[in-house]
Amino acid sequence: MLTRVETLWPLPDEAATEALARHVAPLLRRGDVVALVGELGAGKTTFARALLGVLGVHELVPSPTFTLVQRYVTSAFPVCHVDLYRLKSPEELDELGLEEALSEGALLVEWPERAGDRLPCPRMELRFLLSPTGVRTATRIEGP
Amino acid sequence: MIVLGIETSCDETAVGLVDDTGRVLGQGLWSQIAAHRPYGGVVPEIAARAHGDHIGACLDEAFRESGLDRGDVDGVAATCGPGLIGGVMVGAVMGKALAAGLGVPFVAVNHLEAHALTVRLLEAVTFPYLVLLVSGGHCQLLIVRGVGHYRLLGTTLDDAAGECLDKGAAMLGLPYPGGPALEQAAKGGNPHAFDLPRPLKGRSDCAFSFSGLKTALRQRVEALTVHGPLSNAVLADLAASLQEAVADVVADRVAQALRMVRDDPNESSLTALVAAGGVASNATLRARLAALASTWGLPFKTSPPALCTDNGIMVAWAGLERLRLGLTSPLSTPARPRWPLESLAVESGN
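Going down the list, the protein sequences come from chains G and B.
One point on numbering: in our numbering, the residue at position 21 of the first sequence is 21, and numbering is uninterrupted.
Take the position in the second sequence, starting the count at 1, then add 144; the result is the number in our numbering.
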């Protein structure tokens, strides 16, 4: 499990989300799993969209809840935006072809907790939080 | 002419048989929602394997219901995208194999095109008409100029309308599928009890956005549940308010599309406003759209719920519409996860 340094990022607006994306983008490597954790509406997809934008994806980045996996080509390697919200059991993960995706590129995974232990240990985890008073933050936790 | 249609792009494994008079001859449908009931357990609906396991039985069911033989079919249509690629592949491969084996033409159908043309199975709606396609995975406005000729006026920048309703229902603790459960829970609720945002309302394009609405609902629910669970009355008010917000935004976006078409000298007058996709079954939305259409002097058309949600009949019908125009597809047509409707005219070369 991840027991490393935690960095807290306040996310008051979209510019702050973009700044976080610009910070994360150069850290991304082939074979990385980035876990995006947080409740519905906490800002996971918005961040994924910002990160893909920084990586040079200019097409529309819709929520992958329906398709589960959306693959994007970036200048470095393909990045798959994965949403496991609809996963009913971790076994279903085997059908999504994530191993192949990881061998060629990186994964941004929303709702990683639905995968049980079937997802490789994330190298980075971002925990999105929207407080009842409307304050939005992200906590970045780095892997080994 | 009899066409067989196969749909496997999401959670439903579906087969339909239609003829050129628009008669539904037979169908077979396997849905994870129905499948949950007899088995009471978890069904891996997302798995391509599940489509593979059920497609044969769905085909048998459709042919049994129709009393037809496989040899009576004049063409085979299959959804080749967009959708979950594993599922799409199962249907596409089955369709191609059947077409090749029977020696009849194959038609690769775009899932969105199938939804957009379904209304013509029931009624001779003439082109061009405006389609609002609203489901769990899609939310877009299209001008249907003819078979294979579509103009996308706007789509969602984030979540689909059905996704917003489904996730909203989940936040309220309602069972899956969320849309119908939310509609039920909203009965008796006050749609104006909670002032939820109306994302993009009034914007000069035809885009949709539901992400902010979802977040606003969550904040309300959290604030209301600090001291205990929601009362039934508050739950009904929240459900009704969410439904109202979605319907309000969608109606605003449709009105904007109607204005855009009216003010565009290159567009012909529309013949109808058509709603398709699973969310088109929502009564609140239907009522809003019907009222809107009537102020524009347009008929409002929508299909019965069984044809609004994913089904094989709509694929068979779209295949038939294409076959009538001599549009067939090579067996080398790929299955694809993304397949914008506007690329169809280019691909079919007309």
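None of these hints come from the bench; they were simulated from the model.
Honestly, I wouldn't trust all of these hints.
Unchecked claim - Derived CB-CB ranges, DEER-like:
hint	chain 1	residue 1	chain 2	residue 2	range
1	G	16	B	411	37 to 43 Å
2	B	448	G	8	47 to 53 Å
3	B	448	G	139	44 to 50 Å
4	B	268	G	91	43 to 49 Å
5	G	58	B	431	34 to 40 Å
6	B	165	G	78	42 to 48 Å
7	G	31	B	476	29 to 35 Å
8	G	5	B	345	39 to 45 Å
9	G	39	B	331	25 to 31 Å
10	B	486	G	135	40 to 46 Å
Note that CB positions come from ideal geometry on N, CA and C, so glycine has one too.
Right, here's what the structure says about each hint:
no., hint, in the structure
1, G:16 with B:411: 37 to 43 Å, "41 Å, holds"
2, B:448 with G:8: 47 to 53 Å, "52 Å, holds"
3, B:448 with G:139: 44 to 50 Å, "48 Å, holds"
4, B:268 with G:91: 43 to 49 Å, "47 Å, holds"
5, G:58 with B:431: 34 to 40 Å, "39 Å, holds"
6, B:165 with G:78: 42 to 48 Å, "47 Å, holds"
7, G:31 with B:476: 29 to 35 Å, "33 Å, holds"
8, G:5 with B:345: 39 to 45 Å, "43 Å, holds"
9, G:39 with B:331: 25 to 31 Å, "27 Å, holds"
10, B:486 with G:135: 40 to 46 Å, "41 Å, holds"
Violated hints are absent here; each numbered hint is respected by the structure.
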